[in-house]
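> So you can see what is in the structure, the chains are spelled out below.
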Amino acid sequence: MDFLDYAFMQRALLAAVLVGVTAPAVGIYLVQRRQALMGDGMGHVAMTGVGLGFLLSTSPVWMATLVCVVGSVVMELIRWYGKTRGDIALAMLFYGGMAGGVMFINLAPGGSNANLNSYLFGSLSTVSPQDVTAICVLAAFVILVTVGLRRQLFAVSQDEEFARVTGLPVRALNLLVAVTAAITVTVAMRVVGLLLVSALMVVPVAAAQQLTRSFRATFVIAVAIGVSATLGGTITSYYQDVPPGATIVLLTIALFIALTALATPLARRRVRAAATGCTLPRQATTPERPTADRVAEPAAEV
Amino acid sequence: MNDEPDLTEPVISLRGVTAELGARPVLRGIDLTVRRGEVVALLGANGSGKSTAIRTIVGQVPPTGGEIDILGTPRRRFKQWARVGYVPQRTTAAGGVPATVAEVVSSGRLSRARFGLLRKADRTAVHHALDLVGMADHAKDSVDALSGGQHQRVLIARALASEPEVLIMDEPMAGVDLASQEVLADTLRKQVAAGASVLLVLHELGPLEPLIDRAVVLRDGCVLHDGPPPKAVGQHALPGHDHVHPHTPADAEPLRMGLLS
Numbered sequence: 001m002d003f004l005d006y007a008f009m010q011r012a013l014l015a016a017v018l019v020g021v022t023a024p025a026v027g028i029y030l031v032q033r034r035q036a037l038m039g040d041g042m043g044h045v046a047m048t049g050v051g052l053g054f055l056l057s058t059s060p061v062w063m064a065t066l067v068c069v070v071g072s073v074v075m076e077l078i079r080w081y082g083k084t085r086g087d088i089a090l091a092m093l094f095y096g097g098m099a100g101g102v103m104f105i106n107l108a109p110g111g112s113n114a115n116l117n118s119y120l121f122g123s124l125s126t127v128s129p130q131d132v133t134a135i136c137v138l139a140a141f142v143i144l145v146t147v148g149l150r151r152q153l154f155a156v157s158q159d160e161e162f163a164r165v166t167g168l169p170v171r172a173l174n175l176l177v178a179v180t181a182a183i184t185v186t187v188a189m190r191v192v193g194l195l196l197v198s199a200l201m202v203v204p205v206a207a208a209q210q211l212t213r214s215f216r217a218t219f220v221i222a223v224a225i226g227v228s229a230t231l232g233g234t235i236t237s238y239y240q241d242v243p244p245g246a247t248i249v250l251l252t253i254a255l256f257i258a259l260t261a262l263a264t265p266l267a268r269r270r271v272r273a274a275a276t277g278c279t280l281p282r283q284a285t286t287p288e289r290p291t292a293d294r295v296a297e298p299a300a301e302v
Numbered sequence: 303m304n305d306e307p308d309l310t311e312p313v314i315s316l317r318g319v320t321a322e323l324g325a326r327p328v329l330r331g332i333d334l335t336v337r338r339g340e341v342v343a344l345l346g347a348n349g350s351g352k353s354t355a356i357r358t359i360v361g362q363v364p365p366t367g368g369e370i371d372i373l374g375t376p377r378r379r380f381k382q383w384a385r386v387g388y389v390p391q392r393t394t395a396a397g398g399v400p401a402t403v404a405e406v407v408s409s410g411r412l413s414r415a416r417f418g419l420l421r422k423a424d425r426t427a428v429h430h431a432l433d434l435v436g437m438a439d440h441a442k443d444s445v446d447a448l449s450g451g452q453h454q455r456v457l458i459a460r461a462l463a464s465e466p467e468v469l470i471m472d473e474p475m476a477g478v479d480l481a482s483q484e485v486l487a488d489t490l491r492k493q494v495a496a497g498a499s500v501l502l503v504l505h506e507l508g509p510l511e512p513l514i515d516r517a518v519v520l521r522d523g524c525v526l527h528d529g530p531p532p533k534a535v536g537q538h539a540l541p542g543h544d545h546v547h548p549h550t551p552a553d554a555e556p557l558r559m560g561l562l563s
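From first to last, the protein sequence lines stand for chains A and B. Counting along the first sequence from 1, when you hit position 145 you're at 145 in the working numbering, and nothing is skipped either side. Just add 302 to the spot in the second sequence (first one is 1) and you have the working numbering.
No wet-lab data here; the hints were simulated from the structure. A portion of the hints provided could be inaccurate.
Quick partial rundown of chain B residues pointing at chain A, CB under 7 Å, derived from the structure [unchecked claim]: (1) Pro-390; (2) Gly-398; (3) Leu-412; (4) Ser-413.
Simulated coverage check for chain B against chain A, where a stretch passes if three residues somewhere in it have a Cβ under 8 Å from a Cβ of chain A [unchecked claim]: (5) 359 to 371; (6) 433 to 444.
Positions of the beta carbon are idealized from the N, C-alpha and C atoms, including for glycine.
Start from the sequences, fold in the hints, and give me the full structure.
In structure tokens, the structure reads:
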């Protein structure tokens with residue numbers, strides 16, 4: 001445990017834990033709404049923020065947060081109003097965000113794509129004390145929203161139309177999910193990088209689903225998987241000198257595969273336990289029944 | 303049921319409501335009233351505007367004209383959603399993440415729960431709603447593991463969880479097996495006996511027929527018939543049934559035919 005002696009590792013581990021909690025906590029609502037790739041799009045938009053941060057010599061983390069939040073609001077507005085051309089508009093936003101990032105960072109004095117790289121793929125060892133403060137504040141907001149409003153967010157993400165008739169402020173809650181996801185992207189960008197953020201939002205939830213029947217259990221297990229992967233990946237990268245972002249994501253995918261392999265026999269056993277067998281007396285089949293009928297039966301059931 | 307519904311306060315009232323989907327006019331001036339204690343069936347072919355009419359009432363589709371009142375309040379100012387139970391047109395109660403039956407039904411209780419906190423009374427109400435549709439034993443099951451009829455029962459329990467006075471249902475019998483249809487008809491009968499008013503979209507009257515006080519038949523976004531439910535003389539004996547039944551989905555048809563004959 002000698003890595004705990006280093007200040008940079010303490011910061012890295014704290015950031016990793018916070019990302020491990022927040023990314024799946026938001027991701028579960030995105031997966032529930034079947035918008036699993038939303039985080040990916042926001043990662044692209046955040047690149048413009050990072051570029052702007054360098055260009056204006058302000059903190060890239062806060063600038064990325066600002067741009068990402070604005071981007072998420074625009075995305076929600078597109079979802080409301082641009083029903084037919086919505087996906088095209090979203091594509092423009094995503095690619096525009098990425099191109100903007102590359103452009104701004106190259107315009108910045110002394111800026112180059114090398115600076116951008118640490119945001120694209122994460123750079124845990126260079127997390128500064130200021131970054132940690134920003135990550136803590138943002139993560140606190142994300143946890144407050146995703147846990148405190150879990151029933152409302154569950155209802156809206158499960159069935160928007162029904163949620164409206166329970167009197168919930170559906171638009172405000174949708175906007176809140178989008179903004180929270182945007183903030184999570186910037187929380188995670190120093191740890192796993194903008195291009196891999198979405199993996200931590202989606203894969204832990206997908207892995208947890210292999211084992212669970214309830215939303216509550218899925219939430220808890222997804223967060224547990226997220227934290228194990230980010231901690232495991234960070235420690236591995238300390239000893240093995242491998243990039244932490246990629247290590248974390250590969251570890252998450254490995255957990256997904258392991259849990260899927262584990263869950264398949266488990267589900268089979270559950271089905272067997274539920275099927276207690278037929279208790280009704282079997283109907284006597286008449287041997288002289290025309291074979292044509294029996295051949296037709298399976299087709300009729302389809 | 304009441305042959306002569308007393309002309310008391312209407313719980314739902316639409317006057318000259320128009321609505322468009324895209325640029326296509328779907329409702330072209332609908333008048334529709336549901337009085338207290340009444341069960342009104344909204345009938346019509348696919349594309350006649352039945353679902354759109356329901357969805358203007360619940361606010362999912364913005365009307366382009368006319369007036370909608372719910373429980374005596376204009377829809378825009380209406381806030382007491384706990385008094386309304388809604389069953390949207392769905393074939394599944396599941397989302398992208400596993401959820402138990404109890405979790406899904408609990409979201410129907412949010413309209414009564416302050417700040418989304420579910421107290422003991424709320425949990426009791428959720429359990430009672432599940433009991434009403436005969437799904438109490440399945441409370442802890444995942445909705446992914448349910449049959450089509452059970453999904454519909456969960457959706458109805460979710461609407462009943464807030465103990466509403468008005469039930470609005472969009473095709474609650476779609477894809478529902480015989481056993482579940484009977485459970486649903488029985489549930490509805492109890493709700494009506496307890497004083498609930500019901501507006502429901504149906505493809506045909508089916509096992510609910512004895513419950514229905516009045517039928518409103520839509521055609522091309524206009525009201526074609528508003529009066530006592532047409533007596534079924536066979537399976538498709540609605541007035542102008544040529545218009546009413548042209549394109550039922552082929553897969554849904556054999557199941558229902560058997561139930562009605």
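> Given B:Leu-412 as an interface hint, is its Cβ closer than 7 Å to any Cβ of chain A?
5 Å, holds
> If you look at each residue in the stretch 359 to 371 of chain B, do at least three have a Cβ nearer than 8 Å to any Cβ of chain A?
As far as the stretch 359 to 371 of chain B goes, the hint holds, because 3 residues have Cβ atoms under 8 Å from chain A.
> Go check the stretch 433 to 444 of chain B versus chain A for me, would you? Three or more residues, Cβ under 8 Å, otherwise it fails.
Coverage by chain A holds for the stretch 433 to 444 of chain B (3 residues, Cβ < 8 Å).
> Let me know if the C-beta of B:Pro-390 comes in closer than 7 Å to any C-beta of chain A, holds or violated.
Because about 5 Å separates B:Pro-390 from the closest Cβ in chain A, which is inside the 7 Å limit, the hint holds.
> Would the hint on B:Ser-413 stand, with a C-beta cut-off of 7 Å toward chain A?
Cβ of B:Ser-413 sits 4 Å from chain A, so the hint holds.
> At a threshold of 7 Å, is the proposed contact between B:Gly-398 and chain A supported by beta-carbon distances?
5 Å, holds
When each numbered hint is compared with the structure, no violation occurs for any of them.
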